[in-house]
Amino acid sequence: MMNRREALSRVALIMGGTVLGAEAFLSGCTTGTTGLKFSQDDISFLNEVAETILPATGTPGAKEAKVGEFMTVIVNDCYEAKDQTAFMEGIKALQFKDSKAKMGKAFLEASPAERTAFLTELDKQAAEFQKTKKPDETKHYFTMLKELTLWGFFSSEVGATKALRYIAVPGKYEGTVPYKKGDKAWAT
Amino acid sequence: MNAIEQHLQKKVREEYTDRVIINGRVANLTQPKKGRGPCQYRNLCSRGCPFGGYFSTQSSTLPAAMATGNLTLRPWSIVTEIKYDKDKKRATGVMVLDAETNKTIEYSAKIIFVNASTLNSTWLLMNSATDVWEGGLGSSSDALGKNLMDHHLGIGASGTVEGYEDKYTFGRRANGFYIPRFRNVGDDKRDYLRGFGYQGSGTRENWKREVAEFSIGGDYKDALTEPGSWTIGMGGFGEMLPDPTNKVTLDKTVKDKWGLNVLNIDCELKDNEKKMRKDILVDAQEMLEKAGVKNVKSREGDGTPGRGIHEMGTARMGRDPKTSVLNGNNQVWDAPNVFVTDGAFMTSASCVNPSLTYMAFTARAAEFAVNELKKGNL
Chain A
626 MMNRREALSR VALIMGGTVL GAEAFLSGCT TGTTGLKFSQ DDISFLNEVA
676 ETILPATGTP GAKEAKVGEF MTVIVNDCYE AKDQTAFMEG IKALQFKDSK
726 AKMGKAFLEA SPAERTAFLT ELDKQAAEFQ KTKKPDETKH YFTMLKELTL
776 WGFFSSEVGA TKALRYIAVP GKYEGTVPYK KGDKAWAT
Chain B
2 MNAIEQHLQK KVREEYTDRV IINGRVANLT QPKKGRGPCQ YRNLCSRGCP
52 FGGYFSTQSS TLPAAMATGN LTLRPWSIVT EIKYDKDKKR ATGVMVLDAE
102 TNKTIEYSAK IIFVNASTLN STWLLMNSAT DVWEGGLGSS SDALGKNLMD
152 HHLGIGASGT VEGYEDKYTF GRRANGFYIP RFRNVGDDKR DYLRGFGYQG
202 SGTRENWKRE VAEFSIGGDY KDALTEPGSW TIGMGGFGEM LPDPTNKVTL
252 DKTVKDKWGL NVLNIDCELK DNEKKMRKDI LVDAQEMLEK AGVKNVKSRE
302 GDGTPGRGIH EMGTARMGRD PKTSVLNGNN QVWDAPNVFV TDGAFMTSAS
352 CVNPSLTYMA FTARAAEFAV NELKKGNL
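Taken in order, these protein sequences are the chains called A and B. Count the first sequence with the working numbering and you get residues 626 to 813, in order. Count the second sequence with the working numbering and you get residues 2 to 379, in order.
Keep in mind that the hints were calculated from the coordinates and are not lab data. In this text, a Cβ means the ideal position worked out from N, Cα and C, and glycines have one as well. Just to be clear, a hint being listed does not mean it is correct.
[Stated by the list, open to error] Derived EDC-like pairs: lysine to aspartate or glutamate, alpha-carbon spacing no greater than 16 Å straight-line:
| hint | chain 1 | residue 1 | chain 2 | residue 2 |
| --- | --- | --- | --- | --- |
| 1 | A | Lys717 | A | Asp667 |
| 2 | A | Lys809 | B | Asp223 |
| 3 | A | Lys806 | B | Glu166 |
| 4 | A | Lys809 | B | Glu290 |
| 5 | A | Lys806 | B | Asp167 |
| 6 | A | Lys730 | A | Glu673 |
| 7 | A | Lys806 | B | Glu206 |
| 8 | A | Lys730 | B | Glu214 |
| 9 | A | Lys787 | B | Glu211 |
| 10 | A | Lys717 | A | Glu673 |
| 11 | A | Lys749 | B | Glu206 |
| 12 | A | Lys809 | B | Glu206 |
| 13 | A | Lys717 | B | Glu214 |
| 14 | A | Lys756 | B | Glu206 |
| 15 | A | Lys806 | B | Glu290 |
| 16 | A | Lys806 | B | Glu227 |
| 17 | B | Lys11 | B | Glu290 |
| 18 | A | Lys809 | B | Glu166 |
| 19 | A | Lys805 | B | Glu227 |
[To be verified] One side only, chain A facing chain B, incomplete, derived with CB under 10 Å:
| hint | residue |
| --- | --- |
| 20 | Thr677 |
| 21 | Ala687 |
| 22 | Lys749 |
| 23 | Thr774 |
| 24 | Ala788 |
| 25 | Val802 |
| 26 | Gly807 |
| 27 | Asp808 |
| 28 | Ala812 |
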């Protein structure tokens with residue numbers, strides 16, 4: 626019904642904006658800028674950032690869904706070079722320099738509560754930056770981290786089946802079913 | 002339809018006499034058929050359905066053709082030229098360039114159906130019989146390459162609906178609602194020609210939404226695991242008039258990696274489409290507002306031709322060989338054993354999806370070609 630290009634552009638919207646890398650991901654293209662090296666420490670750090678954004682509550686969090694590893698694949702395969710640079714510089718600063726300036730210690734040495742307070746403030750700055758930035762300016766690196774976390778988590782098996790409800794294939798469609806507060810949303 | 006789509010349907014029926022909201026019409030099988038389907042309710046049709054639940058050439062018509070035992074598929078083939086015998090005034094075959102090996106092969110045939118997709122079909126004609134006509138096969142009329150059309154879209158409105166928080170949907174539906182054309186129908190007269198239809202849908206927001214109350218953390222995550230507000234929206238699909246200044250021409254200087262001339266595309270929305278787009282926007286907003294939809298927001302893309310991916314025209318059919326490339330049976334006037342039955346033959350764009358029209362004309366032309374061949378006319 627909807628044409629393919631429209632369908633792609635809708636899938637690629639998260640938090641009211643276009644997700645970096647989503648179009649390349651969905652169309653099966655690579656941006657031709659692969660070759661970033663992420664160490665195991667980098668992946669662990671990204672997992673902890675993701676876990677702070679979407680922690681385990683009554684349901685598993687982003688770390689269990691291996692969102693850190695997901696981020697490295699998307700950034701490597703689907704980000705443009707200038708966005709890759711902004712992402713790499715951003716996480717480097719976040720891991721040590723900015724964390725030390727704000728919390729007096731590296732990110733991984735901070736407690737979950739300290740990390741949450743720090744990233745909440747960073748999220749505000751990023752949201753403010755996004756509102757005022759020029760169209761061709763790269764996104765704030767924390768906006769990248771946040772959208773990658775949401776995308777990676779809710780499309781993972783853990784996120785789709787444990788945090789959300791997943792309907793297996795073959796399915797069916799019913800236009801109207803009852804809903805009560807607390808019922809989980811459908812994953813897809 | 003779901004609860005809020007039915008809400009809109011009811012309100013529109015009450016408020017207007019000229020408009021209806023219906024379920025969309027889609028080519029999804031609800032029952033298995035000849036090894037295809039049924040639809041698995043994945044709503045991934047745009048990727049090409051591996052179950053054949055949604056119609057595609059690969060799932061439906063190619064297997065049927067294969068079953069006749071008369072089909073040979075030759076991938077990596079770039080048809081570069083239709084060979085033309087100017088004494089017999091007939092095509093004799095095609096030249097194929099193998100995209101991988103760069104070797105050329107000549108195939109001969111009694112009849113040729115050109116279905117390279119709209120622009121490539123015209124490109125092929127332009128590159129054929131250039132020793133007889135400088136502009137290529139079918140250019141004797143001056144219509145070849147002219148009257149390129151698409152559907153103009155990217156414009157509409159959406160908003161949120163309150164009062165249905167105790168309702169949800171189940172499953173993935175590869176469909177939405179449709180509002181058939183109502184402008185310039187019956188007594189309605191606008192300051193432009195033709196009209197548009199709307200495609201739309203209502204959904205409950207998911208984890209991709211913005212949550213104002215929380216920024217990160219456990220409460221934020223838990224909020225995202227529940228559905229959000231109901232939203233409903235629609236976008237117009239407008240008819241684009243044929244205009245000879247919307248055209249493609251062969252670029253004589255720029256070549257692709259196989260050394261073949263590329264096409265230049267010169268196409269834009271004209272005044273008729275621009276006037277129509279004002280109605281598309283205003284009518285969508287008005288219907289939603291009359292239905293009590295809150296926070297109605299308009300969406301206005303630029304509607305650049307090409308966005309619709311429904312290229313049509315550039316080798317149109319007609320009654321007069323002076324003003325058209327093809328006759329009423331999709332035969333090239335200058336080579337009756339060459340048939341063009343993809344979007345290139347279209348004379349007008351309508352405002353509905355065009356594939357079924359192409360398929361119907363193709364079936365009709367194929368039957369005609371077989372009969373003519375049997376009679377010895379081709």
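Check: Of the hints stated earlier, which fail here?
Finding: Hints 4, 8, 9, 11, 13, 14, 15 not satisfied by this model.
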